[in-house]
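Engineer: The primary structure of each chain is shown beneath.
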Amino acid sequence: MTMTAIPYADTEAPDVLVERQSRSGRVAMTLAVLGLIGLAVMPWWASTGTIRSVLELCCYIAVAQMWNLLAGYAGLVSVGQQAFMGAAGYALFVLAQTYGINPFVAIFLSLLVPAVLAVPIYFLLHRLDGPYFSIGTWVVAEVFRLTASNMPIVNSGAGMSLRVMKDFSSFERNVAMSLLCAFMLLVTLGGSYWLLRSRFGLALIAMRDNPIAAASQGVNVAKLRFLIYVAAAVGCGLAGSIYFMAQLRITPGSAFDPMWANVAIFIVMIGGIGSIEGVLIGSLIYFIADRWFGEYGATYFVVLGLMTLLVALYARTGIWGLVSKRWDAPWFPIRRKLVHRKL
Amino acid sequence: MDREILLKARGVSKSFGAIRVLHEVSFDVARGEVLGILGPNGAGKTTLFNMISGDMKVSGGEIQLGGTMLRGEPPFRRCQMGIGRTYQIPRPYSGMTTFENLLVAAAFGGGRSEKRSYAFCAEVLRDCELIDKANASAGALTLLDRKRLELARALASDPKLLLLDEIAGGLTDDESKALVALVRRIRDRGVTIVWIEHVLHALLAVADRLMVLNFGEKIAEGLPAEVIALPEVRRVYMGIEG
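Protein chains in written order, with my numbering: chain A, 73 to 415; chain B, -18 to 223.
Treat the hints as calculated values from the structure; they're not laboratory data. Here a beta-carbon is modelled for each residue, glycine too, at the ideal position from N, C-alpha and C. You can take every hint at face value.
Here are the simulated EDC-like pairs of lysine to aspartate or glutamate, each with C-alpha atoms no more than 16 Å apart in a straight line:
hint, chain 1, residue 1, chain 2, residue 2
1, B, Lys96, A, Asp87
2, A, Lys409, B, Asp113
3, B, Lys96, A, Glu91
4, B, Lys(-11), B, Glu43
5, B, Lys158, B, Glu147
6, A, Lys295, B, Glu54
If you only want the chain A side, here are some residues facing chain B, beta carbon under 7 Å, derived:
hint, residue
7, Asn292
8, Arg408
9, Lys409
Sequences and hints are given; from them, build the entire structure.
Structural biologist: Here it is as structure tokens:
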């Protein structure tokens, strides 16, 4: 806008300095970079079994962070992100197994499918409010599952196997899986962090706190929600493709498993909604709980459900919310602190 | 009046089903002017604002901003066109600091880059006496500071036209005096203001003209002293008979 209603002369402007980083942030950033490098070189320090477990953990983190973006910032509570995980997973299998494309190329091509599907689905669902939207996303995931069960090209209900992976040695596969893990976290966590620190991060948080006020201050809330939805679909698609590549098998039941929605909700609620730190904490808790208590079956799920319920009732902000209330030491600082002025 | 008209409303009406909230209201606001709007609760004042800011669509009539007819532009676009507004009940971004609240408006409403917003927002905060609370969480502010923030945030979007919705309500006398002084400073910078207010002395201290609404209709418009002297206005608004 060329016309400024409030003309402030340049000389009149106070000398300001805005602090964007903190010591805790620098420490965490160093650890995060080391962590990503550690992930990328897993074949040289971890067994195949460990790599598979870590890959699963990385998928939890990625899917939970996508859900966090949707529910925590855009106010879109989806319980159907598995639709995009399965769609991308199936796309990978079809491209690599049926059409013979190199699976490591196919994994990136497969991301086009959730991106393209997300557009019409969002236009169908975005008019639905709150719980109706959630139910809509779930219905879409179920429709995807039923469609896959009846599509000959994906071998219908019997599912598909990724036999082409036999062309690669176990070491080569481990290298690929490790690099993909690092890449997935870089894109989902790193990408979210970059987004939140950017100018659009301001709009995202404003939209989360008060969408009506955000719109009256020039934020295009509808467009931002749409972009977040598509981005989250692609992020979940990436996690899906990587996960099912490691599984080597995909069926309609596993591809569109609502378990992913449950896991994402548990992780984000326990860890702390609206924060990247919360996703990391929640994912670790879920991962460890799953390893230690998974054998108890139904009882274990009851305990997880009760934990989510208690957090929802008594500690809305999750573990990270409690921690950050006590200590002001964010791992991924997104604040703009006005620190210096000469007035 | 020979000054350029910034806001022009002609026959603006709003109905919700059979309920008529606003009926054929017409008025002009000149550039740099402060128009005060009075009226009892339910007179349609906030509805009028909602239609100017794009939060609601008009049922009839037309609104022009600086000669441009407003059609179906959503609120974010109207903000970028130069319409800033405050809400009667403050709507701070409670998860952000006061400074960050302003950055949103400056960056998205005012179309500045984030870097160029920093000094500007600090300046607006200083003007609105919020600079000492720049890094405080907006959710933890007192009522006066929330009202100031509401105003500061609207200013940060660089409005040509500022819509103030009962910003003096609920404040002590001293607090509302401080707010009046602030509104005057904003007016002196050349911002055109339309101000809905029940706190009459606050409004009279700044308004160039008054308009009175009752049951969705305009019942008076003119210079403040003349308008509040009208028997109709005294009866409707102040409950004074005769």
